[in-house]
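Peer 1: With the hints as extra help, turn the sequences into a complete structure.
Residue numbers (our numbering), protein chains in the order written: chain W, 8 to 257; chain B, 2 to 307.
Hints are computed from structural coordinates only; laboratory data are not their basis. Some clues are possibly wrong.
Claimed, not checked - Computed Cβ-Cβ distance ranges for the label pairs, DEER-style:
1. T172/W - G25/B: 27 to 37 Å
2. T172/W - T288/B: 44 to 54 Å
3. L69/B - P144/W: 18 to 28 Å
4. G302/B - E257/W: 51 to 61 Å
5. V32/W - K110/B: 38 to 48 Å
Unchecked claim - Okay, derived cross-link-like pairs now, DSS-like style, lysine-lysine, Cα gap no bigger than 27 Å in a straight line:
6. K22/W - K299/B
7. K93/B - K22/W
8. K126/B - K22/W
9. K126/B - K15/W
These numbers come from a predicted model, not from an experiment. All C-beta atoms in this analysis are idealised placements derived from N, C-alpha and C, irrespective of residue type, glycine included.
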Amino acid sequence: MVLRGLWKLTWLEIKIFLREPLGVVGTIGLPVLVYVGLGRLVGSGARRAASDAPRAFTADLPILSVLLIVASAVLSLVAIVAIYREGGILRRLRATPLRPHTILTAHVLAKLVFTLVTLAVMILAGRRYFPIPAAVPIVSFTVALLFTTVSLLSLGFLVASVVPTARFAQPIGTLVLYPMIGLSGLFVPIESLPPLLRALARVLPLTYAVSLLRGIWRGEGWSAHLGDVAVLTVTFLVLMAASSRVFRWE
Amino acid sequence: MTSQPVIHVDAIRKAYGRTIAVDGVSFDVQAGEIFGLIGPNGAGKTTTMECVEGLRQPDGGAISVLGLHPVRHVYQLQERIGVQLQAAQLQKRIKVREAVGLWASLYRKPVDGDRLIEQLGLGDKRNAWFMTLSGGQKQRLFIALALINDPEVVFLDELTTGLDPQARRAIWDLVRGIRDRGKTVFLTTHLMEEAERLCDRVAIIDHGRIVDIGSPAVLVRRHCPERSVVVVTEDATARDRFEAMPQVDSVSSEGPRFTIRGRGDDLVTHVIHCLGEHRIRVIDFRTELPTLEDVFLKLTGHQIRD
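Peer 2: Here it is as structure tokens:
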């Protein structure tokens, strides 16, 4: 009974999400556009003049793109939970035999489906202009991305638990998330950050997400990144525990 | 009616911080009746109802619904009750048929969703998004969701608030239909007309306390027994004739317009009889019966409207 409700609700939430054109463009379109667009730009530049800067950027472009996928999953989760709470939708769903965690799990599953779809579209659309090197272990990378998404969705739940109204959800989520991406070591190596920011970067989960995704992309293998996996797991457990304490249904 | 009540509420209390929302509320709801909890906004209606539904835990007192404890047996109870919540929404872009389908998948013995949609007059809206429905259609969908598991008890919280009179009347017919199919209906409303027309029995609640319980007619008779008849006549003897009637308490007049006050259901008959007997020529004749609204005013000392 519970499982049937979970599949049905997940499937419905996916369909409902697809009915909002802007949301779909933001979720699937933006990361793909960044990947293909920027890839084409720097890719052709790199062919002409094999300088180091574009190459370094080229190497991390896939990581940046998938971080955008994760970020949009987290932000849209924050927005949905806030809107559903404000509209009394969560309250209405909770007054059914659906267990509270089933309602939230359905949203996580829906987000994971969109993460997978976006990644697939990215790879397919990039085949022409910015192909993925044959050495990249796609399956492992997909697993790493899903794992990272689940871990960081817990951050989404925490933000969604504390935002006062739906109007603030997206801006607050963005304010929390984007500085983390900036400090994650993707644009500037952690070692070259000033000491204070370096210390900050070391405690932010995004840093470990970038390390894991980048490592798997380069074919380093999971055993080299057990520390990242551990940090992201602990992040998930701690943030879920915290948000289950402060989560409001109405 | 002497059988065990479907809902038994015994001295429940609920406070939010220092505000006492419900303060020792007790009542029974019998099988097959429409029972209304009536009172102004903020009187404690919704809190009481949500305690009975198992959505809130009261601070004190006892509740049993169909012999079950609303919080401890919440999942057992949910199979047997249907709930419509005040001011609830659904996903903006969920279709009527999808919402009914989802709800049907959550219960062990759902009724046929398509038939339910037809019965509630949403047949041509089956593929419409929730956000495109009118207020009345949304409420009919919420009634459909409350009925999907063929519940024994249906809870309706401020069902017709914000609806136009026509949509309101249509909803009343639906609610009567639910009762006529043998179900028990427990509703809240701040509309006295709705309570008077729809409810078999009502409990009047104010500031978190029950003021009185009974059928609308009984409450009116108990608290507002006075009746008045307005007669417009130019007959010079009228005033003396009216005052001579033993059932009349007072007669006041404003030009040719007399207001005759008395008590008891028979006042009107006596006045008509008096007019006929003395061949008094009447220009206009009107009776004024007290309503639940008057009862409320008398019991609480204030109007129900905000």
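Peer 1: The structure should be examined with respect to each hint, and the outcome stated for every one.
Peer 2: A quick look at each hint next to the structure:
At roughly 35 Å, the beta carbons of T172/W and G25/B sit within the given window of 27 to 37 Å. Restraint check, T172/W to T288/B: a C-beta distance of roughly 52 Å satisfies the suggested window 44 to 54 Å. Between L69/B and P144/W, the C-beta spacing of about 55 Å breaks the proposed range 18 to 28 Å. A hinted range of 51 to 61 Å is violated for the C-beta pair G302/B and E257/W, which are about 33 Å apart.
Checking the proposed 38 to 48 Å range against V32/W and K110/B shows it holds: the Cβ atoms sit about 42 Å from each other. Taken as a hint, the K22/W and K299/B pair is broken in the structure, with Cα atoms around 54 Å apart against an allowance of 27 Å. At roughly 12 Å between alpha-carbon atoms, K93/B and K22/W fall within 27 Å of each other, so this suggested pair holds. Restraint check: the Cα-Cα separation between K126/B and K22/W comes to about 18 Å, which is no more than 27 Å; the hinted pair holds.
A C-alpha spacing of about 21 Å is found between K126/B and K15/W, which places the hinted pair at or below 27 Å, so the restraint holds.
In summary, the structure is inconsistent with hints 3, 4 and 6 from the numbered list given earlier, while agreeing with the others.
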